[in-house]
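Protein chains in written order, with our numbering: chain Y, 1 to 288; chain L, 1001 to 1288; chain R, 2001 to 2288; chain V, 3001 to 3288.
To be clear, the hints were calculated from the coordinates, so they are not data collected in a lab.
Certain hints may be false.
To be verified - Which bits of chain L does chain Y cover? Going by a derived footprint, with three or more residues having C-beta under 8 angstroms, they are:
no.: 1; segment: 1106-1116
no.: 2; segment: 1242-1255
no.: 3; segment: 1259-1266
Don't be surprised by glycine CBs; every beta carbon is placed ideally from N, CA and C.
There are 4 protein chains.
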Amino acid sequence: MTDSDNATTPGADRRESEDWWRTSIIEMTPGVIRYRGYPIEDLIARRVSLAQMIWLMTRGELPSKGQGALLEAALMAAVDHGPQAPSIAIARMAATCGVGLNSAMASAVNVLGDVHGGAGEQAVELYQDIAARIDAGGSEADAVRAGLDDFVAAHGKVIPGFGHRFHPVDPRSAPLLALVDEAARQGAVSGRFAAIGRGVEGHLAAKTGKAIPMNIDGATAVIYAELGFAAPLARGLFCLSRSVGILAHAWEQTEQGGRIKGPLPRRLTWTYDGPARRAVPAQDGETQ
Amino acid sequence: MTDSDNATTPGADRRESEDWWRTSIIEMTPGVIRYRGYPIEDLIARRVSLAQMIWLMTRGELPSKGQGALLEAALMAAVDHGPQAPSIAIARMAATCGVGLNSAMASAVNVLGDVHGGAGEQAVELYQDIAARIDAGGSEADAVRAGLDDFVAAHGKVIPGFGHRFHPVDPRSAPLLALVDEAARQGAVSGRFAAIGRGVEGHLAAKTGKAIPMNIDGATAVIYAELGFAAPLARGLFCLSRSVGILAHAWEQTEQGGRIKGPLPRRLTWTYDGPARRAVPAQDGETQ
Amino acid sequence: MTDSDNATTPGADRRESEDWWRTSIIEMTPGVIRYRGYPIEDLIARRVSLAQMIWLMTRGELPSKGQGALLEAALMAAVDHGPQAPSIAIARMAATCGVGLNSAMASAVNVLGDVHGGAGEQAVELYQDIAARIDAGGSEADAVRAGLDDFVAAHGKVIPGFGHRFHPVDPRSAPLLALVDEAARQGAVSGRFAAIGRGVEGHLAAKTGKAIPMNIDGATAVIYAELGFAAPLARGLFCLSRSVGILAHAWEQTEQGGRIKGPLPRRLTWTYDGPARRAVPAQDGETQ
Amino acid sequence: MTDSDNATTPGADRRESEDWWRTSIIEMTPGVIRYRGYPIEDLIARRVSLAQMIWLMTRGELPSKGQGALLEAALMAAVDHGPQAPSIAIARMAATCGVGLNSAMASAVNVLGDVHGGAGEQAVELYQDIAARIDAGGSEADAVRAGLDDFVAAHGKVIPGFGHRFHPVDPRSAPLLALVDEAARQGAVSGRFAAIGRGVEGHLAAKTGKAIPMNIDGATAVIYAELGFAAPLARGLFCLSRSVGILAHAWEQTEQGGRIKGPLPRRLTWTYDGPARRAVPAQDGETQ
């Protein structure tokens, strides 16, 4: 194949390719690997943790100790919600289909989409919107009310991060918020998003007359917002976290065995509600 | 980043990149697209079919009419086996998780691995192995027996392409073989792999004393072997075929609605057989 | 695990599970497979084509001959756009990483998202919006102008289905539209969406003073709209179509060999523009 | 759809479904979530780290402090190897195609197959094989020699975990082994797999006359073997680790922008080496 532009100067192609893939994450030369400027051997020797590394890779700097600990808690708390969750079920099914753990993980992480994996991202957006209203001069109560009203008008009544189909009270929320409160007392974070999250919870209860408590997505979103993560990274971080449960279940299923394991046991099956048996019309050109 | 090799001559980078991605499938210049040498506008105007195009793209030449018709039948017959199949179930679950149809399809196609999607490939290998034994001078009966014995010794008792967990007789096999027989009578294919497939079926029945009839994978493998496809392409072609059912089910589920739909309805759930509730040990450095 | 609802009646669980997975696509009992009511053996014997089957599975009925031929052409024409497209490049890279063709296909199909695979879907939506304006009494010219103005206001200046980064004129558009015209003359389709597509093309040229011709996505969108497909299926059908090229390139790369083949040849590499080398701060609790 | 087995006893379906999905990882009732018996609120309050949680989920018990620290280091050290790696390149390309971070991560993790992601798993197998030979009474030198000879006979000359295409010496190996040595001195691990890994390195150097030093896969495999992980989990853990880099690069590319970004800049393209332009033969039934 030729290209319409044939004039070239020495090195132009290389410069173009170097600009095509441009990163400030990793620098490599033979024998040298540095992440954001830190030599890998120093990061290992200094015993930088996985959570700190996640922060460094996505944010560009190492977190403070308090920041790293909060991120660690959020990542740790959301690893799994059982084989009834599509992501986990898919990992287990995949493990019976003859693919490697990498592919079982991929099929599962892939479905952490807007509905199954996006609530944290959406909750961060909601909190940030409310924070911006406060910054613009509103009271917290007004900002929460207005933020929720606008959210419902745009997206409907399901408030991301609040209420749960299975848990009347999500057992992960309170202990995570307790960590945020402690970090706020120590000055590691401001605590404003914990207040906003609780404000949303209170407003929903007052408005609907029933408890719609903060769930794991609402609680981790408080942490991610406190830590200054961009909203889309809340989903990315959830994917990292849930990948742990996905791996564990894929591996447990591998050890249990099974071949081509579908969603239901054989005797429990599906309903067909389409047309009854019928004849295929003769195709055009077919000998009658 | 710099590279250890700094000496360069004009055009060397471009030549290197052109060699890095090298293909005989598609040629493009601005305004021109040719597949295997055929201008796309001519392929459209000549009404080349999708199945013919699949052949052209994977084999390099257009098939004869009879070859194209056999490929078409094999692709058409294997599109779906219902929501109890992991691939289909995954597509439906994914459609409730807030991802596009492309991602629902990807998660599903991904699990067509060695066990769920590899039987056709393995059956082609088995047939080709038996054919090679015949070419080396064995009788068909001896070649079938020896081929099966070696297969069982290497891979165990599950013979790919024969027997079915659900169907006592797979309703797709006989009509597909009938098409092969017809194509053989017309000289489009040799018919030798249909004979080998039937030989395997007969041998299994004689040896075990019960019918272990050819299933869809065994029948499409006969077709792919007759048509000269390399064994791994049998899996690839099955992926194309099953993608049709995957898309249809993902779309049907999308229209049915549902959010984060797991494998089982809520009331039907899983068994936990791990440790009973226990206390987390105090972590090192933790204030007691 | 126990559930809060323990009262059960015989068969209730089965009924619940049967309703959980409900489909009108496929009916199965042992030895029987019917798609939309048609026994598979009849579909095979009647030589129903792959394109007809795709229609049956996604629409519920078999297409007329003219409809099936148009669908076939749209699917056939979009199979590949070379290794510079991310979907194709990913398939080739994956083939060097030690995964099966199913996984190479999955990673590639997965990226046919809103930007890389969604133009057809968006173009169908645009055409349908313009058609609705005509149905509401507007002239075609007014409807095109208003539809485009609203689209640009909502989504920006990139009009899906028109213009191409590489091809001044996309060689696939004219022959596809010629097939639509022929089908309209024969009464297989109305031809109204071909007119709308050409209206958009004319309006863009008049407004901008330069040709922004219909591309493959705009042309296949005309066909999908003429055939009555819902807009999201335009993306799904494109995924089926592009899967052919994805498979062909994954297979070609497999035969070429290569291990862990990255996007660029070794000597052409990336630019690092992050921080220069720096020391990792002492971690908390670390011996100084 | 009906099933051949219609006789049912109350609760039989539920029991069957509960056995279908069976796990010892997670126990849930409304308001309660326990992993391996530990209530999630206790795990959060005790500040269990992400690495400890990964161990708990995949192994069933919490690690000792020393074990957890080694796992943490192995996970942290392998997060990224730059946009020249297919996994990272795919994540970046996907980010320009209009899919969420979850799907960008999925397409990328998916290619960590036998070749791109399997070296750690294979190295653990090699080390375990050598350890078994020592357990059976061989000297370490004999066991290393015999283990390598058998490996080469079965799999060819590429020894997983040793040598690197880019780094003459992998800067990650020595500091990781130093951590293993320290953990062995403290009794957290035995140190035998570090000795075996160094034995392999020494044998390869002596046999080939050139240094083929341990790389990141060989070093993390030492850690995973010391910690008692099954070999396939070495790949799973690598997938978790590399997911960090995959996320970081997908996010960086998202912030850089770009639409449908292929592997090479526009001017650097591919070579077509297929047939020259040719005419499509008239199709059967076509009007001449």
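Each hint tested on the structure:
no.: 1; hint: 1106-1116; result: holds (count 10)
no.: 2; hint: 1242-1255; result: violated (count 0)
no.: 3; hint: 1259-1266; result: holds (count 7)
The earlier numbered hint that this structure contradicts is number 2, and it is the only one.
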